[in-house]
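*Asks:* Protein sequence lines, in the order shown, are assigned to chains A and B.
Residue 100 in our numbering is what sits at position 100 of the first sequence, and the numbering runs on without skipping anything.
Residue 371 in our numbering is what sits at position 371 of the second sequence, and the numbering runs on without skipping anything.
Warning: the hint list may mix true and false statements.
Said to hold, decoys possible - Now the in silico label distances, taken between C-beta atoms and shown as ranges:
(1) Val-82(A) - Arg-86(B): 24 to 30 Å
(2) Pro-18(B) - Phe-120(A): 50 to 56 Å
(3) Arg-174(A) - Arg-86(B): 22 to 28 Å
(4) Lys-327(B) - Val-82(A): 48 to 54 Å
(5) Val-82(A) - Ala-380(B): 27 to 33 Å
(6) Arg-237(B) - Phe-48(A): 53 to 59 Å
(7) Asn-203(B) - Arg-174(A): 53 to 59 Å
(8) Ala-56(A) - Gly-21(B): 33 to 39 Å
(9) Lys-31(A) - His-419(B): 42 to 48 Å
(10) Asp-132(A) - Asp-238(B): 55 to 61 Å
Claimed, not checked - Below, in silico cross-link-like pairs of lysine-lysine (BS3-like), each with a Cα-Cα straight-line distance of 27 Å or less:
(11) Lys-32(A) - Lys-69(B)
(12) Lys-157(B) - Lys-8(B)
(13) Lys-78(B) - Lys-25(A)
(14) Lys-49(B) - Lys-31(A)
(15) Lys-69(B) - Lys-25(A)
(16) Lys-256(B) - Lys-275(B)
(17) Lys-69(B) - Lys-36(A)
(18) Lys-255(B) - Lys-36(A)
(19) Lys-31(A) - Lys-256(B)
(20) Lys-69(B) - Lys-31(A)
(21) Lys-231(B) - Lys-32(A)
(22) Lys-72(B) - Lys-25(A)
(23) Lys-108(B) - Lys-267(B)
(24) Lys-78(B) - Lys-36(A)
(25) Lys-31(A) - Lys-72(B)
(26) Lys-72(B) - Lys-51(A)
(27) Lys-32(A) - Lys-78(B)
(28) Lys-72(B) - Lys-32(A)
(29) Lys-8(B) - Lys-327(B)
(30) Lys-49(B) - Lys-2(A)
Said to hold, decoys possible - Residues from chain A that keep clear of chain B, each with C-beta distances beyond 12 Å, as calculated:
(31) Ala-24
(32) Val-58
(33) Val-139
These are calculated hints, taken from the structure and not from any lab test.
Here a beta-carbon is modelled for each residue, glycine too, at the ideal position from N, C-alpha and C.
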Amino acid sequence: MKPFGGAVVFLDRNDINTDEIIPAKYLTEVKKENLKNYLLEDLQIDGFDPKGEKLARVKVVVTRANFGCGSSREHAPWALEVNDITLVIAESFARIFRQNMFNCGMMAVELPAATIEKIFKLADGDVTCDVDFAGRKLVFKTSDGRSESTGFTTTEFDSALVESGGWVEFADARY
Amino acid sequence: MGKTIVEKIFAAHRRDEPFPGTQVLNLDVVMCHEITTPVAIADLEWRDKDRVFDSTKIKAVIDHVTPSKDTKTAVQAKILRDWARRHQIRDFFDIGENGVCHAIFPEKGFIRPGYTVIMGDSHTCTHGAFGAFAAGVGTTDLEVGILKGVCAFREPKTIRVNLNGTMPFGVYAKDVILSVIRELTVNGATDCVLEFRGEVVDNFDMDERMTLCNMAIEAGATCGICLPDEKTADYLRDFIKDDYDSKAQALTNFKKWWSDDDAVYVKTLNFDVSKFVPVATVEYKPDQVKPLSELTKVRVDQVYIGSCTNGRLSDLHAAARILKGKKLATGVRGIVSPATPKIFDEAMRDGTMAVFRQAGFRVTNPTCGACLGMSNGVLAPGEVCASTTNRNFTGRMGAGGMVHLMSPAAAAAAAICGHLADPREFM
Ligand code: SF4
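So that you can see chain A by itself, here it is in the shape it has in the complex (with noise of 0.2 Å):
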């Protein structure tokens, strides 16, 4: 199982593409690691910087509805991957972009639209997340001691791609 939570970026929009997460221009890497240094290139939000010092410890995104719309490049995920970002938290996501996730191992959790909000609050600070995988638990801090937590739900068959390590895996010994 790929090890899930640490520091966390706010990504405060909805509808976020995956042309977004990683342009198509990248999409002639055949090696991920390669999509390391492009993560989220094109994504234009105030006061994010996809170059920034900041991106380069996130280990969870938290953003709005929908995240992951658009082409259906598991690129996306393998660019968040490479960069050991193994878990994203939003209030919904696209179809393709969720199973993508899982498909590799790392998780799409949705949220209720309150709790995000609350969460929300948190990002004037820095803000980590601990992952109780096991209790389906979220726990998200501040430095300065603000705190939320909340539990979180998976399908049968999205807590086995995690725990099998992915669809491939699990697929090949089943059938």
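Following the hints, put chain B with the ligand in place on chain A, whose structure we already have.
*Replies:* The following block gives chain B with the ligand in isolation, referenced to the frame of chain A:
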């Protein structure tokens, strides 16, 4: 309780239900292109599993960047080419034979009613026009599809989209789907299938149905789907004549897939297309749609006619009718990419290409081209394109560029005006 067409297809293809709500389906067709497949091939090799489940059910094409533009894209093409040869994949299309995946695969008769189809490409939903369940997937799903011929889905719910009324003059399938997406929004159909019904769909030919289903993903849908009928049978005629004794027999077979009258939908949307007008997108999301009559101040630098949405022969004809005897406005670049070699040849034969050339357009080979800004037709920052493609995302046709999506007729009107325009004024 009745079933929808998608529920029937799921029931007929169900291989396994490893967990409640997760359906593993047997696949009839696995389609591959050179952008998302090479990574799957490399991973299969790395795992020592370089096999294919059935070489006759795999279809492959080099279409996104062709001819290759640099070493990296040449390597991608080579990986796919070598793999197709190694596994004796007969239905593989390379330079000279290749065209945009979602145009060439239907043209070759690979898609049939009731089929399950996946591809590592989000616009795979196009093939729902034939009454197939066709879904875009990521590379891992594609990899398992290639290896095992299966794919897992949460059984999607169906939204029924009733399209009734008379198509007004100057309004095309593209205007219809953009207007539907404006209503649904970009995630209004997530985890759902859009089942297109009503007299408008019945009257649409297969090209128009493909345009409709092509953009289902822009509302987040897993697939768009139409019920297979006489138009489907006529389109597939040459490919199915050995399977059925008569057209009547084919139709009886097709009809078994039709949604039952008492099928259950999560939602039904009713549209009267008589009220629709020619539209285009503004900004960077496909649900940001406005009437073209309100957008005439928007100047354009480039006009692009092509792609899996609107690069078919009827699309070229619609544009050529407006361009005939006219010239591109000063400072406007015109690019047309017929979606397949067959379309290219027919457009040559019937004089359509001459119209484009005389208007000052450059005709490219069949390819995705400017649609995704990976090879030709890339915009400079600040430039604007009137385009018949399906995505207006930030940077889609080049960093800093702006793409307005519209019908081929509207793109042709923009070409001769130098700004966005209502095509009805030129018809
Ligand atoms: S034409 Fe555009 S949308 Fe269609 S398959 Fe090619 S890149 Fe994708």
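*Asks:* State for each hint whether it applies.
*Replies:* Now the hints, each set against the structure:
1. Val-82(A) - Arg-86(B): 24 to 30 Å: holds (28 Å)
2. Pro-18(B) - Phe-120(A): 50 to 56 Å: Hint violated: Cβ distance 36 Å, outside 50 to 56 Å.
3. Arg-174(A) - Arg-86(B): 22 to 28 Å: holds (26 Å)
4. Lys-327(B) - Val-82(A): 48 to 54 Å: holds (49 Å)
5. Val-82(A) - Ala-380(B): 27 to 33 Å: 30 Å Cβ-Cβ, so the 27 to 33 Å window holds.
6. Arg-237(B) - Phe-48(A): 53 to 59 Å: The hint (53 to 59 Å, Cβ to Cβ) holds, given that Arg-237(B) and Phe-48(A) are roughly 54 Å apart.
7. Asn-203(B) - Arg-174(A): 53 to 59 Å: At 45 Å between Cβs, range violated.
8. Ala-56(A) - Gly-21(B): 33 to 39 Å: holds (38 Å)
9. Lys-31(A) - His-419(B): 42 to 48 Å: Hint holds: Cβ distance 44 Å, inside 42 to 48 Å.
10. Asp-132(A) - Asp-238(B): 55 to 61 Å: Given about 60 Å between the Cβ atoms, the range holds.
11. Lys-32(A) - Lys-69(B): holds (21 Å)
12. Lys-157(B) - Lys-8(B): holds (12 Å)
13. Lys-78(B) - Lys-25(A): Holds, because 18 Å separates the two Cα atoms, which is no more than 27 Å.
14. Lys-49(B) - Lys-31(A): OK: Lys-49(B) and Lys-31(A) at ~18 Å, within 27 Å.
15. Lys-69(B) - Lys-25(A): Within the cut-off at roughly 12 Å; holds.
16. Lys-256(B) - Lys-275(B): Outside the cut-off at roughly 34 Å; violated.
17. Lys-69(B) - Lys-36(A): Holds. Lys-69(B) to Lys-36(A) sits at ~23 Å (cutoff 27 Å).
18. Lys-255(B) - Lys-36(A): violated (50 Å)
19. Lys-31(A) - Lys-256(B): Since the Cα atoms of Lys-31(A) and Lys-256(B) sit roughly 45 Å apart, the hinted pair is violated (cutoff 27 Å).
20. Lys-69(B) - Lys-31(A): Answer holds: Lys-69(B) to Lys-31(A) is near 19 Å, not above 27 Å.
21. Lys-231(B) - Lys-32(A): Status violated; Cα separation ~44 Å.
22. Lys-72(B) - Lys-25(A): holds (11 Å)
23. Lys-108(B) - Lys-267(B): Violated, at roughly 34 Å.
24. Lys-78(B) - Lys-36(A): Answer holds: Lys-78(B) to Lys-36(A) is near 24 Å, not above 27 Å.
25. Lys-31(A) - Lys-72(B): The given pair, whose Cα atoms are some 11 Å apart, holds under the 27 Å limit.
26. Lys-72(B) - Lys-51(A): Holds. Lys-72(B) to Lys-51(A) sits at ~24 Å (cutoff 27 Å).
27. Lys-32(A) - Lys-78(B): holds (18 Å)
28. Lys-72(B) - Lys-32(A): holds (14 Å)
29. Lys-8(B) - Lys-327(B): violated (51 Å)
30. Lys-49(B) - Lys-2(A): With a Cα-Cα distance of about 23 Å, the restraint between Lys-49(B) and Lys-2(A) holds, given a limit of 27 Å.
31. Ala-24: violated (5 Å)
32. Val-58: Val-58(A) is indeed farther than 12 Å from all Cβ atoms of chain B, at 21 Å.
33. Val-139: Consistent with the label, Val-139(A) stays out of reach of chain B, its closest Cβ about 27 Å off (over 12 Å).
Comparing the model with each earlier hint shows violations of hints 2, 7, 16, 18, 19, 21, 23, 29 and 31; every other hint is respected.
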